[in-house]
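Peer 1: Here are the chains, one letter per residue:
Protein chains: 2
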Amino acid sequence: MRNLRLKLSFDGAAYHGWQIQSNAVTVQGTVEEAVEKIFGSHLTVYGCSRTDSGVHANEYFCNFKTEKSAIPAENAVKALNGILPPDIAVLQCDEEDPEFHSRYDCKSKEYIYKIWNSSIKNPFFANRAYQYKYTLDEVNLNEAAKSYIGTYDWSAFCASGSSVKSTVRTVINAEVLRQGDFVIFKFEADGFLYNMVRIMAGTLIYVNEGKIDKSSIKDIILSGDRDNAGFTAPPEGLYLNRVEY
Amino acid sequence: MRNLRLKLSFDGAAYHGWQIQSNAVTVQGTVEEAVEKIFGSHLTVYGCSRTDSGVHANEYFCNFKTEKSAIPAENAVKALNGILPPDIAVLQCDEEDPEFHSRYDCKSKEYIYKIWNSSIKNPFFANRAYQYKYTLDEVNLNEAAKSYIGTYDWSAFCASGSSVKSTVRTVINAEVLRQGDFVIFKFEADGFLYNMVRIMAGTLIYVNEGKIDKSSIKDIILSGDRDNAGFTAPPEGLYLNRVEY
Chain U
142 MRNLRLKLSF DGAAYHGWQI QSNAVTVQGT VEEAVEKIFG SHLTVYGCSR TDSGVHANEY
202 FCNFKTEKSA IPAENAVKAL NGILPPDIAV LQCDEEDPEF HSRYDCKSKE YIYKIWNSSI
262 KNPFFANRAY QYKYTLDEVN LNEAAKSYIG TYDWSAFCAS GSSVKSTVRT VINAEVLRQG
322 DFVIFKFEAD GFLYNMVRIM AGTLIYVNEG KIDKSSIKDI ILSGDRDNAG FTAPPEGLYL
382 NRVEY
Chain R
142 MRNLRLKLSF DGAAYHGWQI QSNAVTVQGT VEEAVEKIFG SHLTVYGCSR TDSGVHANEY
202 FCNFKTEKSA IPAENAVKAL NGILPPDIAV LQCDEEDPEF HSRYDCKSKE YIYKIWNSSI
262 KNPFFANRAY QYKYTLDEVN LNEAAKSYIG TYDWSAFCAS GSSVKSTVRT VINAEVLRQG
322 DFVIFKFEAD GFLYNMVRIM AGTLIYVNEG KIDKSSIKDI ILSGDRDNAG FTAPPEGLYL
382 NRVEY
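Taken in sequence, the protein lines are chains U and R.
Here the first sequence is numbered in the numbering used here, starting from 142 and rising by one per residue.
Here the second sequence is numbered in the numbering used here, starting from 142 and rising by one per residue.
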C-alpha cells in the first residue's frame, strides 16, 4: 500500500472550500477527480485543513492511499497538473509512511491575511485580498499582534457552532508587515479553531480603528467571550501559507 | 454636452476583449451597461484601444458624451465602481473638451508583457501572466529589445488580415527586466499594429531559444515578412500599462 502526499497551491476564489460537498465545487472534489483519472480508481484524498469558501493556499498538503498504481511520485506531479484546472497546482508528490495523515501529523500551520490597504479598487486582487480603505498602522498592529503569542483557551476567537474537544491552542508567532499598498498579518500556531485567523485579523482591524485597545487583547482572550473580539474578516484575504510536519 | 473620460483598470481574463460583441461578454459592453444605469440612457463608450480576449489593463481610457446627466465627475467613480464587477475598476473620471476622443487623441501607449518564468505551476497567475519554463536571460533580451526602437514599417510584426492605412509606427522605448520569477517586457510606441506587442514578445522568446539571432532583429523588421518574426505570444501576459495624451 502506497501513501502519497501532495503539496498543493490553489486560488480558492472559485471553490466552496476544501471539503467535498454534493452540490458545490470544492478543492477536495476537484483533486479527487484528477487523482481518479491518473491513478485509475476513486481514492479519498485527506486534506491538512478544512478551508472556508474563497480561502486560498500558498502551501497545502493532502494524502491518499493506492494499492494499484505504480506511477512514480515525480511523474504524478506533471500528470495531475495536466488534468487539474489552472487555479489548482500540484507542487510536489512524495511517498510517505503508511501511517502518515496530512491533518493529524501536522505540527504547525502558518496563515497569512492579505489586505489591499487602499481606497482604490484593485481589479487584480478582487478575490485575492481584502480591501481596507483606511490606513493601517503596521508598526502599532505588529506590537498588538505580539499579545496573541502564547498558549490559551481561544474560545473568544472561535465561531459559534464549532465542536472541538479542546479550544486550547499555542500561537507561536504573530506579526504584521507592510509590502507597498499591501499589509500582511502572519500567524503561526500548532492549530487554529474555526474562523480563528479571520477573527484575529478582524480584532487587529478593530485595534486600528480604536474600537479595541491593544493593551486589552490578552483580557479578550482570557474572557473566553466571542463578543469581546473583533469582527470575522472576510475569506478572500486568507491564505494557508506554510504547514510543518 | 459633457464629454467624460474614464481611467479604468481591468483584469481581462473573463472578457472577450474591449470591443462590444453580440454574443460575448466584453469590457466595453460591461462599462456601457454601468454607464447606462448611472447616467440614465444608453451612451456609446469609446475606448483607447481594441484589446484582445484575455488581455488586461493597468491603465485604460475611454470616454462618452452625455447631455442629460449633471452627476459630478468625482461622484461617478464611486457610483460606477458600485455597479461594475470586481474585475473592472474606474480609477478616475474627468471632464474633457467636447472634441476629445480616447483613441484618436492618444499620443503614445505603453504595453507590458508579463512572464511567469518558472517550471512551477502558479495558480494565482494562471490567466494573468504567460508561463515560460526555461530561464530567460533578461540582460541579453534587454539588449535585443533595443533593436525595436525607431520608426519602421512594422508589417513583419502584424497579424495578417489587419487593414490599417499605414503600418509605420515609432517605437519609443523597449526594455526587459526581471522581478524575481517574473520577467517583464516593456514597449512604448506612438501606436501598435494588431498583435504587434505579442509578436515582439514572441520574437524575444525566440531570441532566448537561439531560433533568432538578436543581431538580425532589424533585418526582420525591414523584411516586412511576418514569417521571419517569432510566434504570437499568448494574450494572458499582455497588459496595457500606460496611455499618454
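What the hints contain is simulated information worked out from the structure, not anything from laboratory work.
Misleading hints may appear alongside valid ones.
Copies of the same chain look alike in the list, so a pair counts if it fits in one copy or across any two.
With a Cα cut of at most 35 Å, we get these calculated DSBU-like pairs of lysine-lysine [claimed, not checked]: (1) K274 - K327; (2) K359 - K206; (3) K359 - K209; (4) K178 - K306; (5) K327 - K219; (6) K352 - K178; (7) K178 - K248; (8) K359 - K306; (9) K274 - K359; (10) K327 - K359; (11) K178 - K287; (12) K359 - K219; (13) K209 - K287; (14) K306 - K274; (15) K206 - K306.
Peer 1: If a hint holds in the structure, say so; if it does not, say that too.
Peer 2: Each hint tested on the structure:
1. In this homomeric assembly, K274 and K327 come within 35 Å of each other (Cα to Cα) both inside a single copy, at 20 Å, and across copies, at 31 Å.
2. For the identical chains of this complex, K359 and K206 are neighbours neither inside a copy (43 Å) nor across copies (58 Å), given an alpha-carbon limit of 35 Å.
3. In this homomeric assembly, K359 and K209 never come within 35 Å of each other (Cα to Cα): the closest approach is 53 Å inside a single copy and 58 Å across copies.
4. Within a single copy, K178 and K306 get their C-alpha atoms no closer than 37 Å, and across copies no closer than 53 Å, so neither meets the 35 Å cut-off.
5. In this homomeric assembly, K327 and K219 come within 35 Å of each other (Cα to Cα) both inside a single copy, at 31 Å, and across copies, at 32 Å.
6. In this homomeric assembly, K352 and K178 never come within 35 Å of each other (Cα to Cα): the closest approach is 52 Å inside a single copy and 37 Å across copies.
7. In this homomeric assembly, K178 and K248 come within 35 Å of each other (Cα to Cα) only inside a single copy, at 31 Å, whereas the closest approach across copies is 53 Å.
8. With identical chains, the CA atoms of K359 and K306 are at most 35 Å apart within one copy only, with a shortest distance of 23 Å there and 71 Å across copies.
9. Taking the closest pair of Cα atoms, K274 and K359 come within 35 Å of each other only inside a single copy of the chain (27 Å); across copies the shortest separation is 48 Å, beyond that limit.
10. Taking the closest pair of Cα atoms, K327 and K359 come within 35 Å of each other only inside a single copy of the chain (18 Å); across copies the shortest separation is 50 Å, beyond that limit.
11. Proximity of K178 to K287 under the C-alpha cut-off of 35 Å is found in neither arrangement, the shortest distances being 46 Å within a copy and 48 Å between copies.
12. For the homomeric pair K359 and K219, neither the shortest alpha-carbon distance inside one copy (47 Å) nor that between copies (39 Å) is at most 35 Å.
13. With identical chains, the CA atoms of K209 and K287 are never at most 35 Å apart, being 49 Å at best within one copy and 56 Å at best between copies.
14. For a Cα distance limit of 35 Å, the shortest separation of K306 from K274 qualifies neither inside one copy, at 38 Å, nor across copies, at 47 Å.
15. Taking the shortest Cα distances, K206 and K306 sit within 35 Å of each other inside one copy (28 Å), while across copies they are farther apart (64 Å).
Consistency with the previously given hints fails for numbers 2, 3, 4, 6, 11, 12, 13 and 14, ordered from lowest to highest.
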